[in-house]
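*Asks:* Residue strings, one per chain:
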Amino acid sequence: MRRSIVNDPEDLVPEALEGLVLSHPRLLELEAEHRFITRKEPARDKVGLVSGGGSGHEPLHAGFVGTGMLDVAVAGAVFASPTALQVLAATKAADAGRGVVQIVKNYTGDVLNFRIAGEISGDDAIDTEIVLVDDDIATDSGEDGPGRRGTAATVIVEKVCGAAAEEGAGLADVAAIGRRVATSARTMSLALAAGTHPGDDRPQFDLGDDEIELGVGIHGERAAKRASFTDANGLTDLLLEPLLSELDLSRGDEVLAIVNGLGSTYPLELQLVARALHHRLGDAGIEIGRSLVGPYVTSLDMHGVSITLMPLDDELRRLWDAPVRTPALTW
Amino acid sequence: MRRSIVNDPEDLVPEALEGLVLSHPRLLELEAEHRFITRKEPARDKVGLVSGGGSGHEPLHAGFVGTGMLDVAVAGAVFASPTALQVLAATKAADAGRGVVQIVKNYTGDVLNFRIAGEISGDDAIDTEIVLVDDDIATDSGEDGPGRRGTAATVIVEKVCGAAAEEGAGLADVAAIGRRVATSARTMSLALAAGTHPGDDRPQFDLGDDEIELGVGIHGERAAKRASFTDANGLTDLLLEPLLSELDLSRGDEVLAIVNGLGSTYPLELQLVARALHHRLGDAGIEIGRSLVGPYVTSLDMHGVSITLMPLDDELRRLWDAPVRTPALTW
Amino acid sequence: MTEQTSSPALPAGFGRAFVLTLREAFVGAADDLGDLDRRAGDGDFGTNVRTAMKHLDANLEADPPTSYREWLTALYMAWLGVGGTSGPLFGMFFRDLAKAGDEAGRSVPTAAQFGDALAAGQATVQRYGEAKIGDKTMIDSLDPAIAALRAALEADAETSAVEALFEAEDAAVAAATATAQTTARRGRASYVGDASRGVIDPGAAAMALVIGSARAGADGSGAVDLSWVA
Amino acid sequence: MTEQTSSPALPAGFGRAFVLTLREAFVGAADDLGDLDRRAGDGDFGTNVRTAMKHLDANLEADPPTSYREWLTALYMAWLGVGGTSGPLFGMFFRDLAKAGDEAGRSVPTAAQFGDALAAGQATVQRYGEAKIGDKTMIDSLDPAIAALRAALEADAETSAVEALFEAEDAAVAAATATAQTTARRGRASYVGDASRGVIDPGAAAMALVIGSARAGADGSGAVDLSWVA
Ligand SMILES: Nc1ncnc2c1ncn2[C@@H]1O[C@H](COP(=O)(O)OP(=O)(O)O)[C@@H](O)[C@H]1O
Ligand SMILES: Nc1ncnc2c1ncn2[C@@H]1O[C@H](COP(=O)(O)OP(=O)(O)O)[C@@H](O)[C@H]1O
Ligand SMILES: [Mg+2]
Ligand SMILES: [Mg+2]
Ligand SMILES: [Mg+2]
Ligand SMILES: [Mg+2]
Numbered sequence: 001m002r003r004s005i006v007n008d009p010e011d012l013v014p015e016a017l018e019g020l021v022l023s024h025p026r027l028l029e030l031e032a033e034h035r036f037i038t039r040k041e042p043a044r045d046k047v048g049l050v051s052g053g054g055s056g057h058e059p060l061h062a063g064f065v066g067t068g069m070l071d072v073a074v075a076g077a078v079f080a081s082p083t084a085l086q087v088l089a090a091t092k093a094a095d096a097g098r099g100v101v102q103i104v105k106n107y108t109g110d111v112l113n114f115r116i117a118g119e120i121s122g123d124d125a126i127d128t129e130i131v132l133v134d135d136d137i138a139t140d141s142g143e144d145g146p147g148r149r150g151t152a153a154t155v156i157v158e159k160v161c162g163a164a165a166e167e168g169a170g171l172a173d174v175a176a177i178g179r180r181v182a183t184s185a186r187t188m189s190l191a192l193a194a195g196t197h198p199g200d201d202r203p204q205f206d207l208g209d210d211e212i213e214l215g216v217g218i219h220g221e222r223a224a225k226r227a228s229f230t231d232a233n234g235l236t237d238l239l240l241e242p243l244l245s246e247l248d249l250s251r252g253d254e255v256l257a258i259v260n261g262l263g264s265t266y267p268l269e270l271q272l273v274a275r276a277l278h279h280r281l282g283d284a285g286i287e288i289g290r291s292l293v294g295p296y297v298t299s300l301d302m303h304g305v306s307i308t309l310m311p312l313d314d315e316l317r318r319l320w321d322a323p324v325r326t327p328a329l330t331w
Numbered sequence: 001m002r003r004s005i006v007n008d009p010e011d012l013v014p015e016a017l018e019g020l021v022l023s024h025p026r027l028l029e030l031e032a033e034h035r036f037i038t039r040k041e042p043a044r045d046k047v048g049l050v051s052g053g054g055s056g057h058e059p060l061h062a063g064f065v066g067t068g069m070l071d072v073a074v075a076g077a078v079f080a081s082p083t084a085l086q087v088l089a090a091t092k093a094a095d096a097g098r099g100v101v102q103i104v105k106n107y108t109g110d111v112l113n114f115r116i117a118g119e120i121s122g123d124d125a126i127d128t129e130i131v132l133v134d135d136d137i138a139t140d141s142g143e144d145g146p147g148r149r150g151t152a153a154t155v156i157v158e159k160v161c162g163a164a165a166e167e168g169a170g171l172a173d174v175a176a177i178g179r180r181v182a183t184s185a186r187t188m189s190l191a192l193a194a195g196t197h198p199g200d201d202r203p204q205f206d207l208g209d210d211e212i213e214l215g216v217g218i219h220g221e222r223a224a225k226r227a228s229f230t231d232a233n234g235l236t237d238l239l240l241e242p243l244l245s246e247l248d249l250s251r252g253d254e255v256l257a258i259v260n261g262l263g264s265t266y267p268l269e270l271q272l273v274a275r276a277l278h279h280r281l282g283d284a285g286i287e288i289g290r291s292l293v294g295p296y297v298t299s300l301d302m303h304g305v306s307i308t309l310m311p312l313d314d315e316l317r318r319l320w321d322a323p324v325r326t327p328a329l330t331w
Numbered sequence: 001m002t003e004q005t006s007s008p009a010l011p012a013g014f015g016r017a018f019v020l021t022l023r024e025a026f027v028g029a030a031d032d033l034g035d036l037d038r039r040a041g042d043g044d045f046g047t048n049v050r051t052a053m054k055h056l057d058a059n060l061e062a063d064p065p066t067s068y069r070e071w072l073t074a075l076y077m078a079w080l081g082v083g084g085t086s087g088p089l090f091g092m093f094f095r096d097l098a099k100a101g102d103e104a105g106r107s108v109p110t111a112a113q114f115g116d117a118l119a120a121g122q123a124t125v126q127r128y129g130e131a132k133i134g135d136k137t138m139i140d141s142l143d144p145a146i147a148a149l150r151a152a153l154e155a156d157a158e159t160s161a162v163e164a165l166f167e168a169e170d171a172a173v174a175a176a177t178a179t180a181q182t183t184a185r186r187g188r189a190s191y192v193g194d195a196s197r198g199v200i201d202p203g204a205a206a207m208a209l210v211i212g213s214a215r216a217g218a219d220g221s222g223a224v225d226l227s228w229v230a
Numbered sequence: 001m002t003e004q005t006s007s008p009a010l011p012a013g014f015g016r017a018f019v020l021t022l023r024e025a026f027v028g029a030a031d032d033l034g035d036l037d038r039r040a041g042d043g044d045f046g047t048n049v050r051t052a053m054k055h056l057d058a059n060l061e062a063d064p065p066t067s068y069r070e071w072l073t074a075l076y077m078a079w080l081g082v083g084g085t086s087g088p089l090f091g092m093f094f095r096d097l098a099k100a101g102d103e104a105g106r107s108v109p110t111a112a113q114f115g116d117a118l119a120a121g122q123a124t125v126q127r128y129g130e131a132k133i134g135d136k137t138m139i140d141s142l143d144p145a146i147a148a149l150r151a152a153l154e155a156d157a158e159t160s161a162v163e164a165l166f167e168a169e170d171a172a173v174a175a176a177t178a179t180a181q182t183t184a185r186r187g188r189a190s191y192v193g194d195a196s197r198g199v200i201d202p203g204a205a206a207m208a209l210v211i212g213s214a215r216a217g218a219d220g221s222g223a224v225d226l227s228w229v230a
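First to last, the sequence lines map onto chains H, P, D and E.
Be aware that the first sequence starts at 1, since it is given in our numbering, and climbs by one per residue.
Be aware that the second sequence starts at 1, since it is given in our numbering, and climbs by one per residue.
Be aware that the third sequence starts at 1, since it is given in our numbering, and climbs by one per residue.
Be aware that the fourth sequence starts at 1, since it is given in our numbering, and climbs by one per residue.
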């Protein structure tokens with residue numbers, strides 16, 4: 001039985017947003033009615049960046065609000081899209097006169113509500129562009145259906161678009177660089193154990209002692225595949241193999257890598273995966289030029305890990321390296 | 001059953017250290033033989049700062065190596081002190097000619113090995129001072145015995161000493177400010193579930209569905225007390241009450257607060273505790289001038305939270321705010 | 001599109017009467033609509049309807065509408081603040097209804113303009129929801145209602161707006177009832193496959209209540225039949 | 001302290017002979033020492049002894065010692081690289097032994113200087129470990145060994161270093177064996193309370209092997225009795 005530190009589960013999201021803002025009083029501000037978080041000092045004369053989605057993936061998205069990244073993050077209930085009205089208000093708040101890029105993970109509800117908010121914000125003469133993040137190769141099922149899910153590559157899109165906007169790039173250019181990231185970044189995830197909804201006492205699914213969920217999503221949905229449990233090196237291979245066959249990397253290429261904890265994976269575990277990833281890619285002549293290792297896009301307390309890879313070039317490296325100052329990412 | 005992402009558990013610590021350094025190639029360097037991590041660019045002409053202890057508490061300590069914080073972090077096996085020889089080598093590596101402050105959590109093994117390393121490093125004419133961190137009020141059992149354990153206040157000691165050393169303070173002054181933090185900071189912890197050793201399949205202890213472990217340590221030892229499970233506000237009160245009666249704060253005081261996740265506590269949960277803490281202290285007229293909310297001093301994947309409070313004054317606020325650039329803390 | 005001048009007028013105050021009548025109908029049918037979604041869906045549609053109406057009340061209180069467009073705007077904003085698929089889709093549908101009539105939005109639309117707005121709303125729902133007619137969704141009752149409304153208006157220049165809306169209502173209710181014969185291919189109900197057969201689609205039923213409320217708002221009765229829902 | 005000139009000399013090469021003999025003894029007794037710690041402790045002492053000897057081998061290989069001080073330094077550094085309580089305590093104990101003799105550390109200490117170094121080591125162990133005699137620890141066999149060594153040297157100016165070390169060894173083994181009669185008040189064994197009774201303290205036994213190895217290093221036999229350990 002997994003218990004949660006929670007008051008009334010109904011109040012979880014607004015209370016947690018309040019807690020976040022109280023903990024970062026110089027950086028963040030809360031718009032309580034529509035449940036979005038903005039920078040304390042709104043940016044001027046730049047393209048606005050708004051993102052958001054269901055809660056339970058923290059630090060995504062509110063943890064990435066600040067200089068060099070998002071202007072506004074809007075929060076739905078756990079694993080549920082924010083409403084179109086919330087997204088609309090958040091989009092308006094992100095506008096500083098030069099239009100707004102909406103960064104949206106590819107889930108039906110999120111896409112619907114962000115598209116609608118984008119359309120309606122046109123009533124107020126706000127130009128919007130949507131950047132859809134769909135990096136999860138486990139859901140790459142061809143033409144039909146909702147397409148690949150959006151997962152940890154969202155962090156790269158938010159960072160890179162944030163840097164471009166901060167540099168003064170226009171709406172179309174900020175969207176274009178975001179789409180370039182989304183087109184080239186891919187993610188694969190696995191879970192040893194599911195997360196547990198706040199207020200529930202059972203994880204979202206159970207696994208046998210010798211199986212893992214390969215290609216798991218971040219909403220507690222089961223994966224299409226099961227695989228055998230193995231050691232850290234073996235688990236890394238299970239993630240890396242489909243990524244490499246998807247990404248078409250060659251010797252001498254440089255990548256950005258995210259080794260992402262899905263919730264209750266502890267640092268020692270992530271460091272072992274990072275190590276294995278460095279060795280494997282190194283053997284293939286591929287350099288990890290930049291990396292993040294930690295819990296960035298989570299699924300409550302799911303025990304698992306994802307690997308995201310994106311080929312790096314000079315422009316992406318420069319935008320990645322640009323200063324950022326948010327609760328969850330600062331350099 | 002809790003499984004771990006691990007290779008041979010025997011190799012866990014050296015492999016994880018390697019993974020950490022591979023992930024921060026521009027910031028960190030590994031001395032593999034003695035299992036310590038140093039800054040990539042060693043600092044010059046400043047007091048050296050070394051800390052360390054058993055593994056399983058990540059990001060403590062290696063995550064705090066970098067500008068404005070530690071020079072060297074040395075790692076024992078999970079929950080076991082590094083050896084005197086490791087600490088000796090680490091202490092020597094931390095010396096830049098102006099002596100070394102050793103920051104030590106108060107556990108018998110750590111104290112023994114750091115004291116010995118300090119004594120032996122005298123052979124090489126290295127001056128050392130030990131700052132003992134003993135903030136855990138759950139183990140405040142009077143004169144006899146090993147005294148209070150060291151837990152999350154270690155982060156404050158490392159940050160504040162790091163800033164003082166970076167400013168150019170001398171050995172005695174860096175140690176003195178560290179001792180001032182250690183004397184005034186206090187911590188209380190609780191757990192809803194124990195952590196699981198890498199390679200084991202059972203958590204270190206079991207709890208009834210309606211009980212929590214109040215005053216739990218970071219090595220999986222059970223607490224002296226059990227309390228009833230309750231909501232986020234109630235759990236915060238359970239931690240805060242003994243802290244307030246210990247700390248002698250008055251209306252108008254300002255504190256630094258750490259809401260620390262013990263491993264698998266997810267951000268939404270920590271944000272609820274942070275929120276409750278702000279409200280409770282606010283009601284008492286006490287301002288949280290600075291805070292950290294996140295997993296900083298963990299116990300594998302223990303599900304729990306600790307609160308650390310330290311009264312702030314101008315000097316401590318200035319040193320806390322000074323720039324820091326490490327894997328786990330940057331501003 | 002139908003010429004404005006050649007179409008019968010909807011009465012003054014139509015916006016207010018339509019929205020308040022619909023509010024009554026939605027609140028009255030919420031439990032039954034929720035039951036339908038529970039039997040072939042994920043059960044949240046009743047809550048979604050109720051949440052929308054709670055938002056509507058708040059909007060009416062905060063900023064009392066003074067024109068057709070403002071009444072419908074209060075309604076569409078209310079639905080956009082609701083989750084599920086119905087929230088955004090009904091929101092965008094009512095947004096198109098709010099645009100009915102003249103550019104400035106000061107006057108009440110004609111029956112034909114209202115019909116055009118219903119059609120625009122259907123197109124919007126299909127653009128966002130990607131449903132085809134027959135997929136067992138809200139448009140299954142909307143589409144025949146629009147056809148019936150237009151047919152009545154076109155058949156006889158003397159037809160009143162209320163008479164045309166009665167035709168539309170009858171078509172909508174009949175089509176909504178008939179969705180029980182179909183299998184869902186959109187929305188949560190599509191996950192249960194053939195198990196959705198035998199159950200009226202709650203969104204289609206709700207859409208029929210929209211048409212009925214327009215009629216009851218136009219004829220001043222405020223009376224909408226809910227008995228067939230369930 | 002005893003005057004250097006009035007004390008019998010330990011043979012040239014004593015450092016090497018002492019350390020290599022002790023290495024044999026520790027390796028030979030490691031299993032039994034581990035068993036003792038398992039019966040009244042946490043069972044890791046055998047591993048700790050073995051780890052120390054592995055480190056010793058590495059040190060001897062990496063940087064072959066050329067003097068008594070260097071041989072003992074290789075030994076103390078080996079123990080400081082070991083966990084548990086015994087690692088740091090034996091490490092600091094041997095560090096004091098390494099300091100025996102002249103300042104420059106080039107020559108072999110006299111028997112009296114060796115006795116003084118043992119006493120300094122005991123003081124260091126007690127300073128760090130806070131054990132009193134009788135707490136069932138390594139000093140329980142060390143303390144009587146030092147007393148016996150000094151008594152032999154003082155009783156008769158003609159006593160050889162080997163003879164005095166034989167007296168010390170006998171006292172150490174007797175005292176180590178007698179720890180079976182006591183209850184542990186330090187170290188992991190103290191957690192098991194009276195259950196430690198009946199079991200020889202492994203640290204005290206190991207310390208008796210240290211004294212025996214000094215004797216066997218001095219007399220050139222290299223032979224230390226391990227049979228009593230267990
Ligand atoms: N893609 C779609 N296009 C049009 N209408 C839809 C679509 N999906 C669902 N609906 C309508 O919405 C109703 C369900 O609403 P609701 O319960 O709020 O949404 P959800 O299916 O997400 O739980 C269905 O009865 C159907 O009429
Ligand atoms: N405080 C102490 N002072 C002196 N010797 C001690 C002390 N604690 C333990 N010892 C000695 O160390 C031996 C145990 O060594 P070891 O197993 O390596 O340590 P631990 O008790 O930490 O597991 C004991 O048999 C005892 O002789
Ligand atoms: Mg539904
Ligand atoms: Mg739903
Ligand atoms: Mg032991
Ligand atoms: Mg031990």
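Any given hint could be a false lead.
List time: in silico BS3-like cross-link candidates among lysine-lysine, alpha-carbon distance up to 27 angstroms [stated by the list, open to error]: (1) E/99 to E/132; (2) E/99 to E/54; (3) H/92 to D/99; (4) E/99 to P/92; (5) H/92 to H/40; (6) D/132 to H/92; (7) D/132 to D/99; (8) P/92 to E/132; (9) D/99 to D/54; (10) P/40 to P/92.
It is worth saying that the hints were derived from the structure and are not from the lab.
*Asks:* Is residue 99 of chain E within 27 angstroms of residue 54 of chain E, Cα to Cα?
*Replies:* holds (23 angstroms)
*Asks:* Would you check the hint for residue 132 of chain D and residue 99 of chain D, treating anything up to 27 angstroms between C-alpha atoms as holding?
*Replies:* OK: residue 132 of chain D and residue 99 of chain D at ~24 angstroms, within 27 angstroms.
*Asks:* Would you mind confirming whether the straight-line C-alpha gap from residue 99 of chain D to residue 54 of chain D stays at or under 27 angstroms?
*Replies:* The given pair, whose Cα atoms are some 23 angstroms apart, holds under the 27 angstroms limit.
*Asks:* Between residue 92 of chain P and residue 132 of chain E, does the CA-CA distance stay at or below 27 angstroms?
*Replies:* violated (33 angstroms)
*Asks:* Is it true that the CA of residue 99 of chain E sits at most 27 angstroms from the CA of residue 132 of chain E?
*Replies:* holds (24 angstroms)
*Asks:* With a cut-off of 27 angstroms on the C-alpha distance, tell me whether residue 99 of chain E and residue 92 of chain P pass.
*Replies:* holds (21 angstroms)
*Asks:* With the threshold set at 27 angstroms, check whether the alpha-carbon distance from residue 92 of chain H to residue 40 of chain H stays at or below it.
*Replies:* OK: residue 92 of chain H and residue 40 of chain H at ~16 angstroms, within 27 angstroms.
*Asks:* Does the structure keep residue 40 of chain P and residue 92 of chain P at a Cα separation of 27 angstroms or less?
*Replies:* Holds, at roughly 16 angstroms.
*Asks:* Please work out if residue 132 of chain D and residue 92 of chain H have their alpha carbons no farther apart than 27 angstroms.
*Replies:* violated (33 angstroms)
*Asks:* Under the criterion that the straight-line Cα-Cα distance not exceed 27 angstroms, is the pair residue 92 of chain H, residue 99 of chain D satisfied?
*Replies:* holds (21 angstroms)
In this structure, the earlier hints numbered 6, 8 are contradicted, and the remaining ones agree with it.
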